[in-house]
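Asker: Please build the complete structure, drawing on both the sequences and the hints.
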Amino acid sequence: MIEGVRRVQELMERENYVTDRAIATTVFLAMEIRKPVLIEGPAGVGKTEVAKVLSDALATRLIRLQCYEGLDVNTALYEWNFPKQMLRMRIEESGGLSTDEKERLIFSESFLFKRPLLQAITEPEQAPVLLIDEIDRADEEFEAFLLEVLSDFQVTIPELGTIQAAHRPYVALTSNRTRELSDALKRRCLYLWIDYPSFEKEAAIIRNKVPGVNAALAQQVAAFMQTARHLKLSKVPGVAETLDWAVSLMALHQDHLEPEVVSETLGCIFKDRDDIVRYAGPRVEAIVSAITELEPDALATSQERILARAEA
Amino acid sequence: MEGAPRYGGVVSLQSIEDEAGRRVWPDESRATRADLAHNVIDFVRLLRENGLQASPAEVHDVVRALRVIDLGDRHEFYLTLRSILLWSPDQRPLFDELFERFWGGWADEETVIREERSPTMSSAQSERVESQSSDASYSAMEALMEKDFSDFRPDEMGAVARVCVAIAKRVATRRSRRYRMTNRGTKVDPRRTIRRNVKYGGTVIELAKLERKIRKPRIVVICDVSRSMEQYSVFLLEFMYSMQNVIGRIESFVFSTGLHRVTGYFKHTDIETALEDIAKEIPDWSGGTRIGESLRTFNDQYARRIVDQRTVVIILSDGLDTGQTDLLEEEMARLHGRAVRLIWLNPLLGKDHYQPVARGMAAALPHVDVFAAAHNLASLQQLANSLTTPRGPRAAPRSLAG
Chain S
1 MIEGVRRVQE
11 LMERENYVTD
21 RAIATTVFLA
31 MEIRKPVLIE
41 GPAGVGKTEV
51 AKVLSDALAT
61 RLIRLQCYEG
71 LDVNTALYEW
81 NFPKQMLRMR
91 IEESGGLSTD
101 EKERLIFSES
111 FLFKRPLLQA
121 ITEPEQAPVL
131 LIDEIDRADE
141 EFEAFLLEVL
151 SDFQVTIPEL
161 GTIQAAHRPY
171 VALTSNRTRE
181 LSDALKRRCL
191 YLWIDYPSFE
201 KEAAIIRNKV
211 PGVNAALAQQ
221 VAAFMQTARH
231 LKLSKVPGVA
241 ETLDWAVSLM
251 ALHQDHLEPE
261 VVSETLGCIF
271 KDRDDIVRYA
281 GPRVEAIVSA
291 ITELEPDALA
301 TSQERILARA
311 EA
Chain C
1 MEGAPRYGGV
11 VSLQSIEDEA
21 GRRVWPDESR
31 ATRADLAHNV
41 IDFVRLLREN
51 GLQASPAEVH
61 DVVRALRVID
71 LGDRHEFYLT
81 LRSILLWSPD
91 QRPLFDELFE
101 RFWGGWADEE
111 TVIREERSPT
121 MSSAQSERVE
131 SQSSDASYSA
141 MEALMEKDFS
151 DFRPDEMGAV
161 ARVCVAIAKR
171 VATRRSRRYR
181 MTNRGTKVDP
191 RRTIRRNVKY
201 GGTVIELAKL
211 ERKIRKPRIV
221 VICDVSRSME
231 QYSVFLLEFM
241 YSMQNVIGRI
251 ESFVFSTGLH
261 RVTGYFKHTD
271 IETALEDIAK
281 EIPDWSGGTR
291 IGESLRTFND
301 QYARRIVDQR
311 TVVIILSDGL
321 DTGQTDLLEE
331 EMARLHGRAV
341 RLIWLNPLLG
351 KDHYQPVARG
361 MAAALPHVDV
371 FAAAHNLASL
381 QQLANSLTTP
391 RGPRAAPRSL
401 AG
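So the sequence lines, in the order shown, correspond to chains S and C. Numbered according to this note's numbering, the first sequence spans residues 1 to 312. Numbered according to this note's numbering, the second sequence spans residues 1 to 402.
Keep in mind that a hint or two might mislead.
Stated by the list, open to error - A few chain C residues facing chain S, derived, Cβ under 10 Å:
hint	residue
1	I69
2	L85
3	Q309
To be verified - To spell it out: a stretch of chain S is covered by chain C in this simulated footprint if at least three of its residues, at any positions, have a beta carbon under 8 Å from a beta carbon of chain C; those stretches are:
hint	stretch
4	16–30
5	175–182
6	284–294
To be verified - Counterexamples of contact, computed for chain C against chain S with all Cβ distances above 10 Å:
hint	residue
7	D35
8	D42
9	E49
10	L94
11	L98
12	R101
13	V198
14	E206
15	E211
16	G258
17	E272
18	R359
19	H367
20	D369
21	F371
Honestly, the hints are just simulated from the structure, not real lab data. Positions of the beta carbon are idealized from the N, C-alpha and C atoms, including for glycine.
Answerer: As structure tokens, then:
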């Protein structure tokens, strides 16, 4: 047990997920004391990825429920297969079944569409990982319903009765904090805040995820992203943008940052027209030359200097 | 963590108090699991006393977690407690401070970094401390109250409340994307239809219907209490108070030179107590106006959490800004992008000769969905009417800033 957290960290790293102690500890606790994990943080820092890595590491199925405004119990839990029910009723028309018997027949499990939550609860082989993505986009009613499911892992279908989880799933919830979640839900969960990565972590992520990237480019890209997140942007780029950009630079056969190329590929990382207009050209080029003038070893500690060049 | 004492599988760890009364880690295990659990209970109590939400219910989880982690590793111990007992990044500095105070000698690895990026409560606190040192003008508040209550007869205040209730109800009738069961809606509910028609052998004779639910929007009211608004602000606060008591889910802020959240004060039963408390708490009442800065504080610290695509934001101000105009415009744009509707109520608009040419007002106007007067009951009635007409397409493209 002593090596528990470290083991999780190794497992996650084997799945190419660059992690840190905080993430590994929370994931370890989620596995050991079986509490759901609520992962919050800005967009694009790898919140969803945690659940994927967890399912890979456990060699179990990942079941995902994507939340959106208006998501209701039917879409999340189960739906009846109405056409099939209709047809069956037609077939049974001349049969000798009573109304009650017909009703019992068409409201049985084979007429059920299982949606993610029910799938997670009825998974037969082993406990799956249930990812409830962007829970903040669903409304409070759904949150209340979810709370019920997460507390006893059973659901009641009026026509069928109560279904108890065969294996209690591992649950991860993610939220971008567009609204505050209820305390009751938070209380039910372990809490993990994932922030934008540090320079070292981001460089490691690039080296891990972009095949064939050289260490110098990875560091320069990471340094640029660290600086960019301090600019006044209407949409701050996440790690997903970093990786897109690194891949694009590779496709353009770049082995270090060139001011003009950065300006031309700025669309990979800035996703708002105003941001691009404001920074493309001289301001971005000032950042790039500040980065390329520095010794690679100095990049990690020179954020303020680089930023000062951009503001000048 | 090399060299840290390890306790193996035996969960036996006790923190003892040093001369300064701080708990420190013993060199060797001395106590039982019960003592550690006891310390965790004390720690949770300390968190609660300082406004964190952790409850005794979590103690159980902590104790379970402590059985499986490496207790010799202090950082792991810290991360475990944090992941169970802390639910918001904003409260992280406070949590770290309390952890340090309770468990002692704990400045460890990554606990100190990222201060700069995470919105800390300490900035809000230091601001409050600073502003307390400035001239607290409680007497100004008293004068203000007298002035306004003399303007309105007592029976009129009742009318204000009634109109506010009517407005609140109008605002509260937005159609949701959720459906509820009914027999007169527009959408067929296949599930209930099938059930109802089993008795006809699958021939659909009776239809079960669904209709959209009515959903209450969130409302955020931001009221200007600077000197130029003196004669209106008590009246407008009454309006906020009524709104909050009818709609429930409403967040209230006031600003003069700085922004203050006052939602909690309006939970008092009567408006007078609420006003007194607010005036005591907010020293820059009737000070200058910095709308831009105040809105920036709002956007940075609150908007992300409390303003979304079903939130109506109401700003009550005369727009006579002494701050930077371009900042105001920028912050208005951010807020407009985030809220479903941005309403600006301006008491000056009621005056015949008024034109919104004040620099601040002119800068804000392009980002306002509804611009209305708020100087008397008739104007509030008009506002109620304008809220019931559906909103047209937005003039400017919407960007989700922030």
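Asker: Each hint needs a verdict: does it hold in this structure or not?
Answerer: Cross-check of the supplied hints:
1. A least Cβ separation of about 7 Å between I69 of chain C and chain S falls short of the 10 Å threshold, and the interface hint therefore holds.
2. Hint status for L85 of chain C relative to chain S: holds, with the closest Cβ pair at about 8 Å, below 10 Å.
3. The interface hint given for Q309 of chain C is met, as the beta carbon of that residue sits about 8 Å from the closest beta carbon of chain S, less than 10 Å.
4. Under the rule that three or more residues need a Cβ within less than 8 Å of chain C, the assignment of the stretch 16–30 of chain S holds, with 7 such residues.
5. Against chain C, the stretch 175–182 of chain S contributes 4 residues with a C-beta closer than 8 Å to a partner C-beta. That satisfies the three-residue criterion, and the hint holds.
6. With 0 residues bearing a CB less than 8 Å from a CB of chain C, the stretch 284–294 of chain S misses the requirement of three and the coverage assertion fails.
7. Listed as a non-interface residue, D35 of chain C keeps its Cβ farther than 10 Å from every Cβ of chain S; the least gap is roughly 21 Å.
8. Against the 10 Å criterion, D42 of chain C stays outside the reach of chain S, whose nearest CB is about 20 Å from its own CB.
9. For E49 of chain C, the requirement that its beta carbon stay farther than 10 Å from each beta carbon of chain S is met, with the minimum near 17 Å.
10. The Cβ of L94 of chain C lies farther than 10 Å from every Cβ of chain S, with a closest approach of about 14 Å, so its non-interface assignment holds.
11. Interface exclusion of L98 of chain C from chain S stands, the closest Cβ pair being 16 Å apart, more than 10 Å.
12. Once the 10 Å rule is applied to beta carbons, R101 of chain C is consistent with being away from chain S; the minimum gap is 21 Å.
13. Chain S draws V198 of chain C into its interface by the beta-carbon criterion, the shortest separation being 5 Å against a cut-off of 10 Å.
14. Every beta carbon of chain S lies more than 10 Å from that of E206 of chain C, the smallest distance being close to 14 Å; the non-interface claim holds.
15. A cut-off of 10 Å between C-beta atoms confirms that E211 of chain C is not in contact with chain S; the least separation is 14 Å.
16. Once the 10 Å rule is applied to beta carbons, G258 of chain C is consistent with being away from chain S; the minimum gap is 21 Å.
17. Listed as outside the interface, E272 of chain C is consistent with that label: its C-beta sits roughly 30 Å from the nearest C-beta of chain S, beyond the 10 Å cut-off.
18. With a cut of 10 Å on Cβ distances, R359 of chain C stays outside the contact zone with chain S, its closest approach being about 22 Å.
19. With a cut of 10 Å on Cβ distances, H367 of chain C stays outside the contact zone with chain S, its closest approach being about 14 Å.
20. Against chain S, the non-interface label of D369 of chain C holds: every CB pair exceeds 10 Å, the least being about 20 Å.
21. Chain S leaves F371 of chain C outside its interface by the beta-carbon criterion, the shortest separation being 24 Å against a cut-off of 10 Å.
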